[in-house]
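Q: So the chains spell out like this:
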Amino acid sequence: MPEPVISATGLTKHYGDLVAVDGIDIEVAPGESFGLLGPNGAGKSTTMRMVGAVSTRTAGELRVLGLDPDTHGPEIRARLGVVPQEDNLDTELRVRDNLIVYGRYFGIPRAVCAQRADELLTFAQLEEKAKVKVDDLSGGMKRRLTIARALVNDPLVLMLDEPTTGLDPQARHVLWDRLFRLKERGTTLVLTTHYMDEAEQLCDRLVVVDHGRIMAEGSPAELIRQYSSREVVELRFGASRNESAAEQIAGLGDRIEILPDRVLVYAADGEAVLEQVSRLGLHPTTSLVRRSSLEDVFLRLTGRSLIE
Amino acid sequence: MSATDVVSPAAASAIEAARRPRRFGALYVAEHQIRAMRAYGWTIVIGGVGSPLVYLLGIGLGLAAFLDAPVADGPDGPVRYLVFVAPALLATAATTVPTEEFTYTVMAGFKWRRIFWGMNASPLAPHQIVGGLVLAAMARMLFTAVAYAGLMLAFGAVGRPWAAAVLPFVGVLGGLAFGLPLLAFSASLKDDAGQFAAVQRFVFTPMFLFSGTFYPLDTLPQWLAWIGWISPLWHASELGRWVSYGAPMSGATIAAHLGILAGMTAAGWVLARRTFVARMRG
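Listed in order, the protein sequences are those of chains A and B.
Numbering follows the numbering used here, with no gaps: position 115 of the first sequence is 1003.
Numbering follows the numbering used here, with no gaps: position 108 of the second sequence is 594.
Since the hints were made in silico from the structure, they are not lab data.
Predicted, not measured: the structure shown is a model, and the values here were computed from it.
Glycine residues also receive a C-beta, built at the ideal position from the N, C-alpha and C atoms.
Treat the hints with care, as some may be off.
Said to hold, decoys possible - Each computed BS3-like pair below joins lysine-lysine, with the alpha-carbon atoms no more than 25 Å apart: (1) A:Lys1021 x B:Lys597; (2) A:Lys1019 x B:Lys676; (3) A:Lys1021 x A:Lys1071.
Claimed, not checked - Some residues of chain A that are not near chain B, with every Cβ distance over 10 Å (derived): (4) Glu891; (5) Glu974; (6) Leu1009; (7) Asp1024; (8) Glu1072; (9) Met1103; (10) Arg1167; (11) His1171; (12) Leu1176.
Unchecked claim - Short, incomplete list of chain A residues facing chain B, as computed with Cβ under 7 Å: (13) Leu906; (14) Glu980; (15) Val1020.
Work the whole structure out from these sequences, hints included.
A: Right, dumping it as structure tokens:
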């Protein structure tokens, strides 16, 4: 097996009394697309900051590109691309100048920066916006520019912290398409997200994180297989009747979850469950059979929804 | 890591890639800052040339014509009022630069535009970000001070013509002595709840008025003169007068002025650097 680009054992971060990251172990292979899935405040961003060599760990072992961030921060950062949760483009500069100025931080000669800027604008589908002020871009375009900027040093690992948070569905799909292309080219992606669909789309393997700890690890399909059933039936009886209806259908399926607005029945065959429900004389106001998702895995592991 | 260590290709490429940023990082930050200054380039140029023009005209043609009593002596007797005031005005102009570049620019970098966080994720280290900000501000101070010195020359406001070449550096030193502690302060703020306006009103303005800018400091009663003693502006103005027309001053006094300015600059640098590191590497 090739040397991992990231390997952490017992990685821990304290802020005073607060334990943000509580001894996590991760290993990411070159070319892999690795995700940290968890709710806000789970410790994903803190982990990313430690891996990105901008936050010192409190305890544990950490190697990025085979180097220790405590002693080789600039070296590690020189070969990483970072897409932060909040955009930090220079809004006073034009789109293309943002790429050039950022490339200079890596010691890349001006002429090379200019050439790469043009290539990256094409990749980010922003060629026509080259001379526009950053402030005049839409949210999705700013995100794409931030990703282009993170690629200016031809990174070995691209780290994305909540890459599509705050974007409309269409802009998200455009962004996913770009990231998928990078993945196909063999760029190692490490991303955090609290969107299960994003994790399913982009990650070969992921860890589910909660309260600074890893709850489970595997590919999206493995996690679903291991922690959920093949299908899920979503039943809505109305907020006041969900609980009593759930008692009546208690024996159906593998497992039942009662949420404030709906009842979930986990089963291999959703349609069969639905038939049994109506045979019991229950008539939900709406019902839906769907495939299990990482959302269900998370609910199973933590008893909570990802997005609260 | 020593040369004998066996490193993976990825690690070797990282070590190679960080060589230039480790050496020249501060210059890259300065390059960015100076590029960003172009957005308000006209303000810098008009402020840099217009402000001395107004002051030198106003004082040279107005106030000086009205004053009879000489306020200060050079080696060959009394000097004209304009010659006395001009070095202090130059130092003031240089000292004004940090009230913008080391206040709002810093808050913008951390909070409003967040560009420092972008720099932070690159190979640059926090102390290089500080270094780059200082270099860029020095460039602006130097531009302002050179413009001032040029106009002083044109107005006959320098005692010895060659002094016009040295005065800008005295101005920059004064600007740094005032600016670097201010930079450290600004970097420690999470929010601007009027602190920068307060610095302008309650630090900069009194300093400007009570630093022996328009009259010799010993004119003031002791209970006000202390403002001058701790003011980098007074020390820079006095040095400027010595350079410009040879204001009588002992070697020890000159060394004290220089020492205090250098000391404030160094202390501000250490504090600013520490504040940036604490904030960016937590």
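Q: Each hint: holds or not?
A: Hint-by-hint comparison with the structure:
1. For a cut-off of 25 Å, the pair hint linking A:Lys1021 to B:Lys597 stands: about 19 Å separates their Cα positions.
2. Restraint check for A:Lys1019 and B:Lys676: the C-alpha separation of about 33 Å exceeds 25 Å, so the hint is violated.
3. Between A:Lys1021 and A:Lys1071 the CA atoms are separated by roughly 29 Å; this puts the pair beyond 25 Å, and the hint is violated.
4. The non-interface label for A:Glu891 is inconsistent with chain B: the shortest C-beta to C-beta separation is roughly 5 Å, within 10 Å.
5. Distance check on A:Glu974: its Cβ comes as close as 6 Å (rounded) to a Cβ of chain B, failing to clear the 10 Å threshold; non-interface status is violated.
6. Against the 10 Å criterion, A:Leu1009 stays outside the reach of chain B, whose nearest CB is about 18 Å from its own CB.
7. The Cβ of A:Asp1024 lies farther than 10 Å from every Cβ of chain B, with a closest approach of about 15 Å, so its non-interface assignment holds.
8. Under the 10 Å C-beta cut-off, the non-interface status given to A:Glu1072 relative to chain B holds; the minimum distance is some 20 Å.
9. Its beta-carbon lying about 26 Å from the closest one in chain B, A:Met1103 satisfies the requirement of being farther than 10 Å from that chain.
10. For A:Arg1167, the non-interface assignment is confirmed: its Cβ lies about 59 Å from the closest Cβ of chain B, beyond the 10 Å cut-off.
11. Residue-level check passed: A:His1171 sits 53 Å from the nearest beta carbon of chain B, beyond 10 Å.
12. The non-interface label for A:Leu1176 is consistent with chain B: the shortest C-beta to C-beta separation is roughly 41 Å, beyond 10 Å.
13. At its closest, the beta carbon of A:Leu906 sits 12 Å from a beta carbon of chain B; the interface hint therefore is violated under the 7 Å criterion.
14. Hint on A:Glu980 holds. Least Cβ distance to chain B is approximately 5 Å, under the 7 Å limit.
15. Violation of the interface hint for A:Val1020 is found here, the shortest Cβ-Cβ separation to chain B being roughly 15 Å, above the 7 Å cut-off.
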